[in-house]
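Colleague: Now for the letters of each chain:
2 protein chains.
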Amino acid sequence: MTTDIDALVHGVQEGDRRTLARAITLVESGLSADLDASLELLNQLHSAATSKDSIRIGITGVPGVGKSTFINAFGEHMIQQGLQVAVLAIDPTSTRSGGSILGDKTRMEQLSRNPQAFIRPTPGGLHPGGVARRTRDTIALCEAAGFDAILVETIGVGQSEVSVADIVDTVVLLTLAGAGDDLQGIKRGIMELADVLVIHKSDGDNQLPSRVAASELANVINLLPRRFEAWQPTIDTCSSLSGQGIPEVFSRVQEHRSALGNKTIREHRREQSLRGFDDTLRDLVINEFLQRPEVAQRLGDLQAKVRSGELHPTAAAVRLLTK
Amino acid sequence: MTTDIDALVHGVQEGDRRTLARAITLVESGLSADLDASLELLNQLHSAATSKDSIRIGITGVPGVGKSTFINAFGEHMIQQGLQVAVLAIDPTSTRSGGSILGDKTRMEQLSRNPQAFIRPTPGGLHPGGVARRTRDTIALCEAAGFDAILVETIGVGQSEVSVADIVDTVVLLTLAGAGDDLQGIKRGIMELADVLVIHKSDGDNQLPSRVAASELANVINLLPRRFEAWQPTIDTCSSLSGQGIPEVFSRVQEHRSALGNKTIREHRREQSLRGFDDTLRDLVINEFLQRPEVAQRLGDLQAKVRSGELHPTAAAVRLLTK
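One line per chain: the protein sequences are A and B, in this order. Here our numbering is used: position 182 in the first sequence is 384, and no number is missing along the way. Here our numbering is used: position 133 in the second sequence is 335, and no number is missing along the way.
Among these hints, one or two may not hold up.
Put simply, identical chains are the same to the list, so a pair is met inside one copy or across any two.
As the list claims (entries may be wrong) - Below are the SDA-like pairs computed for lysine to any residue, each with C-alpha atoms no more than 25 Å apart in a straight line:
1) K254 <-> L504
2) K254 <-> Q283
3) K254 <-> T227
4) K507 <-> N489
5) K507 <-> H248
6) K507 <-> I488
7) K507 <-> L443
8) K507 <-> E490
9) K254 <-> L462
10) K465 <-> R224
11) K465 <-> L504
Read the hints as simulated data drawn from the structure, not as lab findings.
One chain only, chain A, in its complex shape (with noise of 0.2 Å):
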């Protein structure tokens, strides 16, 4: 495939959501004939995406909390702020939990329609390496198509929280009242990596819970080590329903951009980007080393003899990479 690379690089920078649609779809692409088209297109537009000064905020939490929902009130919010708001949502590929996005169009359609907003779903069936990439370099295509705030959804299981906190600023943690039980579904690797938490739902007859495991809440996370040490995470109640809470959830994520200061935004972002380069390496090596045809030939005849116990893992890997 041939791609006219000055079209989509001008499209983007002009905010063309057609043409930054097509841009992602082709950084997305795990074809390696796309590679040296994609290479070309974030080279170009890397200067326009970094100099953007933009928001990223990560939203997760368990399957079930509301996050859709959420971002559709939350992302509306921004927008009356006079904000652009591109929503990319992760489906990460967990073997044990899993997690859908199918309905989210529907939970998110108020968003869906605002010609300020962009969403988009990441593709699934990806190693967490390559969703954490494609899902930085679809968030650079954004910055450089004027976007000031972009959101990165994330269902809170298996690595995919590890990952939002290697491609954000700022991560906001949803969770929901109730009793004793619900705290123990959220994993302690990810309160650690929230800046901001929110007990969602907190509507109706789910207000006083939502207060009483609002203050729990705060008991537990004091005795968490610190992400970042001039910020204290902090935990609000919100409701998408009622809009209560929302425009709060905002100003802290602000407050925690002023705590932290331009300086250590940049920081964060500079080794983010050395961990992604990182990961993208060991990546496209891989890749690279899979589309051999003589190991691609070999693959399953090794896998074979493993699986049937003839040939032991490591010794049948290195015969792999050394014949």
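Position chain B against the provided structure of chain A, taking the given hints into account.
Modeller: Leaving out everything else, chain B in the frame of chain A:
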């Protein structure tokens, strides 16, 4: 370095501890010069290792839960049942929480003096995949050396707990009694991977709280998806200090093996081998790439350019790969 593989193979099969230790060091070596020798060694010992009807147990739990003390008592009990026990302690390289096995030698002093036991720490400083591969290979060597039971100790943080479920038959998770807060410290992810749960340090004034914690935990694990269809995870209390409950934990492990049956255990190990092959392949391919002189030479420069923002991470990675 030239290595006398025949002498190593012979010594390991004789069960000579010093030779076993040398063989493990060879397999752990990251040096490409040792790769051929370690491959040859693993290949020659492969049939001896796979024919062995060993018990592979993972012992996991957060730092401070008393894993080493437990292994000291648990290992002694297994030896009293006529088994030879190898202990492999993994020191993970979690970027956030970390962990240390300093002081473990004293906590396993009794076991380390027992001639039926073999204790081996796995060096840290490796990424999770590397740890899993080396531990997998070390298990093979210990089994070839005639050990009946392999205890793999991991600190249940970061990604190490996922790895341990990938290399053992039965996962024993240690936790402590306490207020509701404690349960939050256990990640749901790790609970989903545990077969035998143990409330540890159930002695003195802690016995009643331990029993309470056990029944609380029973409610939680009933809600979790099962790792094996044939097995509902169990919960017991035990004290490595008094010895109370130690035989029961071993009984649970045996019950787990019986419930699964030899066929399922073998099938499970085959799946693990296949995953091990994949992981090892990735590991080796990356290492081979990074050790190429032209790559090693340019890596630092590209990292600096990514860090300064001059180059997009993906673009830098592609550049290193293609030019």
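Colleague: When no copy is named, should K507 and I488 be tagged within, between, both, or neither for a Cα gap of at most 25 Å?
Modeller: Both: 21 Å inside a copy, 23 Å across copies.
Colleague: Give the relationship of K507 and H248 under a CA distance limit of 25 Å: within one copy only, between copies only, both, or neither.
Modeller: between (46 Å within a copy, 13 Å between copies)
Colleague: Quick one: K254 to Q283, C-alpha cut-off 25 Å, is that within a copy, between copies, both, or neither?
Modeller: Within one copy, since 18 Å is at most 25 Å while 67 Å is not.
Colleague: When no copy is named, should K254 and T227 be tagged within, between, both, or neither for a Cα gap of at most 25 Å?
Modeller: within (22 Å within a copy, 51 Å between copies)
Colleague: For K507 vs N489, is the C-alpha pair at or below 25 Å within one copy, between two copies, both, or neither?
Modeller: both (22 Å within a copy, 24 Å between copies)
Colleague: With 25 Å as the alpha-carbon cut-off, assign the pair K507 and E490 to within, between, both or neither.
Modeller: both (23 Å within a copy, 23 Å between copies)
Colleague: Could you place K254 and L462 in one of the four classes (within, between, both, neither) given a Cα distance threshold of 25 Å?
Modeller: within (18 Å within a copy, 57 Å between copies)
Colleague: If the cut is 25 Å between Cα atoms, do K465 and L504 qualify within a copy, between copies, both or neither?
Modeller: Cα proximity of K465 and L504: across copies only (22 Å, versus 50 Å in one copy).
Colleague: When no copy is specified for K254 and L504, does a C-alpha distance of 25 Å or less occur within a copy, between copies, both, or neither?
Modeller: The answer is between: 23 Å across copies meets 25 Å, while 48 Å in one copy does not.
Colleague: Between the shortest in-copy and the shortest cross-copy C-alpha distance, which are at most 25 Å for K465 and R224: within, between, both, or neither?
Modeller: The answer is neither: 33 Å in one copy and 50 Å across copies each exceed 25 Å.
Colleague: Given a CA cutoff of 25 Å, do K507 and L443 count as a within-copy pair, a between-copy pair, both, or neither?
Modeller: Neither: 56 Å inside a copy, 46 Å across copies.
Of the numbered hints given earlier, the model fails hints 7, 10; all others are met.
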